[in-house]
Amino acid sequence: MSQQQQTVLISSHTQIGEGYYVVGVASPWLAQASQPGQFVMCRLPNANLLWGRAFSVYDVVGDEVFLLYKVMGRGTSLLSEKKVGEQLEIIGPLGNTFSKPKPDQFLLLVGGGVGLPPLYFYAKTYQEQASQMRVMIGARDKENVILEEEFKALGCQVEVSTDDGSAGLKGLVTELLKKAIRNNSKIKDKLLIASCGPNPMLKAVSAIGIEEKIPTEISMEESMACGLGVCIGCVVKTHCSPEQKEELKRDETYTRLCCEGPVLEGSRVIWE
Amino acid sequence: MSQQQQTVLISSHTQIGEGYYVVGVASPWLAQASQPGQFVMCRLPNANLLWGRAFSVYDVVGDEVFLLYKVMGRGTSLLSEKKVGEQLEIIGPLGNTFSKPKPDQFLLLVGGGVGLPPLYFYAKTYQEQASQMRVMIGARDKENVILEEEFKALGCQVEVSTDDGSAGLKGLVTELLKKAIRNNSKIKDKLLIASCGPNPMLKAVSAIGIEEKIPTEISMEESMACGLGVCIGCVVKTHCSPEQKEELKRDETYTRLCCEGPVLEGSRVIWE
Amino acid sequence: MGINLSVQLGKLKLKNPVTVASGCFGYAQEMESVADLSQIGAVISKGLTLEPRIGNPSPRIVETPSGMLNAIGLQNDGVDVFIKKKLPYLKENNIQTIANINGSTIEEYEQLAERLSGADGVGALEVNISCPNVKHGGIEFGVDPKACEEVLTRIRKKTGLTLIAKLSPNVTHIQEFAKIVEGVGCDAVSLVNTYVGMAVDVNKRKPILTNITGGLSGPAIRPLAVRLTWQVAQAVKIPILGMGGINSVQDALEFFIVGATAISIGTANFYNPKLSAEIVAGLEEYLLKHNLNDISQLTGSLELNKK
Amino acid sequence: MGINLSVQLGKLKLKNPVTVASGCFGYAQEMESVADLSQIGAVISKGLTLEPRIGNPSPRIVETPSGMLNAIGLQNDGVDVFIKKKLPYLKENNIQTIANINGSTIEEYEQLAERLSGADGVGALEVNISCPNVKHGGIEFGVDPKACEEVLTRIRKKTGLTLIAKLSPNVTHIQEFAKIVEGVGCDAVSLVNTYVGMAVDVNKRKPILTNITGGLSGPAIRPLAVRLTWQVAQAVKIPILGMGGINSVQDALEFFIVGATAISIGTANFYNPKLSAEIVAGLEEYLLKHNLNDISQLTGSLELNKK
Ligand SMILES: Cc1cc2nc3c(=O)[nH]c(=O)nc-3n(C[C@H](O)[C@H](O)[C@H](O)COP(=O)(O)OP(=O)(O)OC[C@H]3O[C@@H](n4cnc5c(N)ncnc54)[C@H](O)[C@@H]3O)c2cc1C
Ligand SMILES: Cc1cc2nc3c(=O)[nH]c(=O)nc-3n(C[C@H](O)[C@H](O)[C@H](O)COP(=O)(O)OP(=O)(O)OC[C@H]3O[C@@H](n4cnc5c(N)ncnc54)[C@H](O)[C@@H]3O)c2cc1C
Ligand SMILES: Cc1cc2nc3c(=O)[nH]c(=O)nc-3n(C[C@H](O)[C@H](O)[C@H](O)COP(=O)(O)O)c2cc1C
Ligand SMILES: Cc1cc2nc3c(=O)[nH]c(=O)nc-3n(C[C@H](O)[C@H](O)[C@H](O)COP(=O)(O)O)c2cc1C
Ligand code: FES
Ligand code: FES
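Note that the protein sequences, when read in sequence, are chains A, B, C and D. Heads up, the first sequence is in my numbering, so the first residue is 15 and it goes up one at a time. Heads up, the second sequence is in my numbering, so the first residue is 15 and it goes up one at a time. Heads up, the third sequence is in my numbering, so the first residue is 30 and it goes up one at a time. Heads up, the fourth sequence is in my numbering, so the first residue is 30 and it goes up one at a time.
Watch out, some of these pointers could steer you wrong.
Cross-link-like lysine-lysine pairs, in silico, DSSO-like; alpha carbons within 27 Å at most [as the list claims (entries may be wrong)]:
hint, chain 1, residue 1, chain 2, residue 2
1, D, LYS175, C, LYS208
2, B, LYS97, A, LYS97
3, B, LYS227, B, LYS217
4, D, LYS175, C, LYS318
Source of the hints: derived by calculation from the structure; they are not laboratory data.
Using the sequences and the accompanying hints, generate a full structural model.
Spelled out as structure tokens, the structure:
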């Protein structure tokens, strides 16, 4: 267990799109400890919010850690008003990580919206394998396609789909995924899917993974109060592991996303 | 009734002493409507505070209204972190005012700490009479003597007392007041006392006013939720006016400082 | 086709369902320069008593996390002064008025009901049997089912006006009280009054409030008030005037959805006098967006999750 | 001369009076990297049941103004896994442990008490008769005086450990329950558990929590919890473990002053895991500043205003 609670200073804060922001914080500890897939709980001092908010680690450069967020509600809206030099309370890094890919594996990264930042950090961490990574970005419309250029800059192949066809393929990102699997059918046993985005996307991606027998890791979201595994608020229903079956005397259980996740084997999840 | 609720921008914000700040807000309405003795309720958007905080109008220059405050608790501490360009929610101007002095009256202004700002605005409003004003500033120590130079610049006579003798007379400001009354015994019927500061000071000043039969106006403080006269939270015990006596069938009542005050005739107050 | 926001509480028709709560809006005149009085469904008067009351000594109010404690102690000039001096303003300005009444004995409640029933301009009576800040009466009637039944039965006999009973949340089973209210023939039930709380000055080691305890109100209590409103909606058929911590359009919607016919804004008036007008506009917008044309379609529209 | 912070709850001696509340600190190990476990007076375990429980479906938690609602539904791996897998860590690290027990029947409570009394490393039992989020048991025992008396009497017979009964605040007269707790021979009383509340998703017009209602905790409820602690302190002589919304040293002081012997920190651990250590340090500082040398001098030191 290596998370810490720290007060950090905002070192940079940039709007990168309609409602999308990247905030950088200075924290040697966090920069050094963060692994792809992990997140932080981020709290605004003296704001009228009780809990911190969960944000995935999007990037690390030197001692700076970057979070990419979209303004959704009160917390992200207040965060967007914070200026460079102001303080944030951070607990992290939290949660488990995406698996380190084996050198011969080929990664299919499927993301939507603010599910893309952890995938970017994943791709960047294993950038030496970037040529074996295909990134599929799904979005409602052009305005919500983010990080396309950044992934390309890493050396990944990138494809886009939008619901309204305003960028890339008109349709669902799972169409891109199916096509990518077909195109790589010769190396099917080397494929690895990693996905993060809205639940319907993750459910569809998991189903494809199960059907095609491709290992699939999905990073999920639930409301979190603590991020530390103690409130048991952030659960999703999963099949029990063999040990759990014995201990709990049942087949299904609720799994805490903040410490047993956020990354779960897609086939473990029972969609409610 | 002419108060308004407005969102205003901070136009200036300066620390003027150990824990003392002056914040300026741009509001033509407030600048035009404010009278000496009046105050505003000032609320920080999105802070974890429910109520606004009451601050006296300290100065008006053009369209800018200035409040002078001391960091006491959470509200004032959060306020002190606000930057130029940030927003405040203001309701005001609120409350009654110090009486307009008659041309031949001589004013004895007795203030302590953050009781001085409304006295300053009072003196400035009737600056043509500044030579007939004697300002007595009481404070714990030198660091808490504020506005001495500002009152002098208006043309008032200024004296200081401190508890520890680190500035001016060592002792209570009421000693200065008694002396001032003695020195002006020839024009005793022209004297008018106005005071604002901590309750023990106001109580002592009122007692002197009653004893010496000098009209005495004191501006008091109580916790305020609304500032508008509707919560009935901000009361002090007072003698009933003749009409109140008849209506309420009793001699004493509780008077709302936010609308029937903050300025009260000292002799009306029943000190609890 | 227009949106209908008007609602009915017994005989009383409100042009919209957004009222301002007793003790939180004075007698309206105090708020005329900062609030839009024409937008308010009804003003509920500060708690009235038979005789003038001066209330409790200061401090009477304390700020708490997302809430406040008050122990005003029903300071008011008495029902006669209300009728003579406050009611005319309300009438002249066409402000629908509900008088909030408080007795220390059943007889006092009866007399208040009689006098106000004869007064021109009173649209309904809200019986406060839940004030936590007075020595006699008040909350006693609100936490003891027998006393509650008796006082309401007797008041009911004295007035033909719409009668609303205001419940205390400081009880184990609020449904029990709501059923009594309905059973004795009240036209509506309002809830919640404040929760009894306390704050301590840790340096002096004394209660901050001279009255020791006070009533908690404000956003802090909203989840509790929503739940009680929902429970009462299951228990009775008379309309509910829901309140407790309403601070935004969304908060107001929660109350309607769980079963309130109308709502009341209390503490939030103190720092946002325009909230009632904002909520009226917000309700209209919400109905439009959701293809509804009558606020009554919202009342009790909560859909329970299937399991 | 040193400052004494140690306190006694029945037979259990705590090195300091700052505990962490059930359900809000896991089994301590989860918090070892962010909290200073050596500073904590006692860790109260997550609610234990006889059999493993998987709890309620998501969403289980909602943020509210200065508070939160939870409807976890007592997810836990059962008492046996607790004894085998969690207790050893607590023992090895010299963490004083209080086991929080939950039954749906009296028999389950009895069995839990028996099993835990035989387990090495359990310092006391806290009987949760106030969980609002389970279908059977839980709060039923906490809002019905008869059921409360019976379950506690029977548990008392099964254990020689320090027995603490945890009260529900969702009642009209909490003193009545506190007296029962004392009367049946419990060593201490803890309060408050959460207040039943509810939140609505206004766009879907559904409860946010799958369980519909949940328990409100956090700073929002502090004034209510302080008042109940004060009332219980008037009613009984056994020590009180006070909690509800403690968020700072000052908040903790309020509970001691109105009569708590020890305190528990719940929701605040979620966003400030270091709070318990901060409060221990802050209590010491306060005692020094006020020329007191024993925390017991603070307990019940409230001076009432003369009138
Ligand atoms: C592990 C994890 C990683 C995340 N990473 C990112 C990221 O990198 N960038 C990003 O923009 N967002 C991310 N999110 C989602 C982000 O936490 C929510 O968008 C954010 O909490 C919304 O907060 P708000 O105050 O603006 O919204 P509000 O609606 O005001 O929040 C109210 C409450 O709901 C919770 N909540 C609302 N939406 C979500 C959600 N989608 N997921 C979880 N809780 C929610 C909030 O935490 C809060 O408690 C992540 C969530 C999780 C669980
Ligand atoms: C009519 C009036 C005019 C005032 N003018 C000034 C001024 O010009 N400059 C200035 O610095 N201060 C002034 N004050 C006092 C100022 O309102 C308080 O110092 C301030 O509210 C403290 O807030 P806080 O959040 O920092 O303290 P906290 O202790 O955190 O406040 C907690 C609560 O107590 C109330 N409170 C605390 N101290 C006081 C107090 N002395 N008077 C009233 N309420 C209090 C606050 O309003 C708040 O509700 C005035 C007060 C009143 C009533
Ligand atoms: C300062 C204050 C005074 C109040 N006075 C009364 C009153 O006289 N009669 C009454 O029935 N309720 C009174 N209440 C209760 C409110 O009408 C309302 O029921 C309660 O505050 C909950 O709503 P809120 O959270 O929106 O404030 C008062 C509340 C406050 C805060
Ligand atoms: C997420 C959560 C889980 C809880 N689980 C339990 C529990 O298992 N047993 C119990 O007795 N109390 C439980 N509680 C109640 C707390 O122990 C405590 O009594 C309550 O939260 C009030 O304290 P607080 O406001 O400091 O959180 C839980 C509270 C929360 C927030
Ligand atoms: S957020 Fe608390 S257990 Fe996961
Ligand atoms: S502050 Fe509300 S009446 Fe004065």
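We went through each hint and held it up to the structure:
| no. | hint | in the structure |
| --- | --- | --- |
| 1 | LYS175(D) - LYS208(C) | holds (24 Å) |
| 2 | LYS97(B) - LYS97(A) | holds (10 Å) |
| 3 | LYS227(B) - LYS217(B) | holds (15 Å) |
| 4 | LYS175(D) - LYS318(C) | violated (51 Å) |
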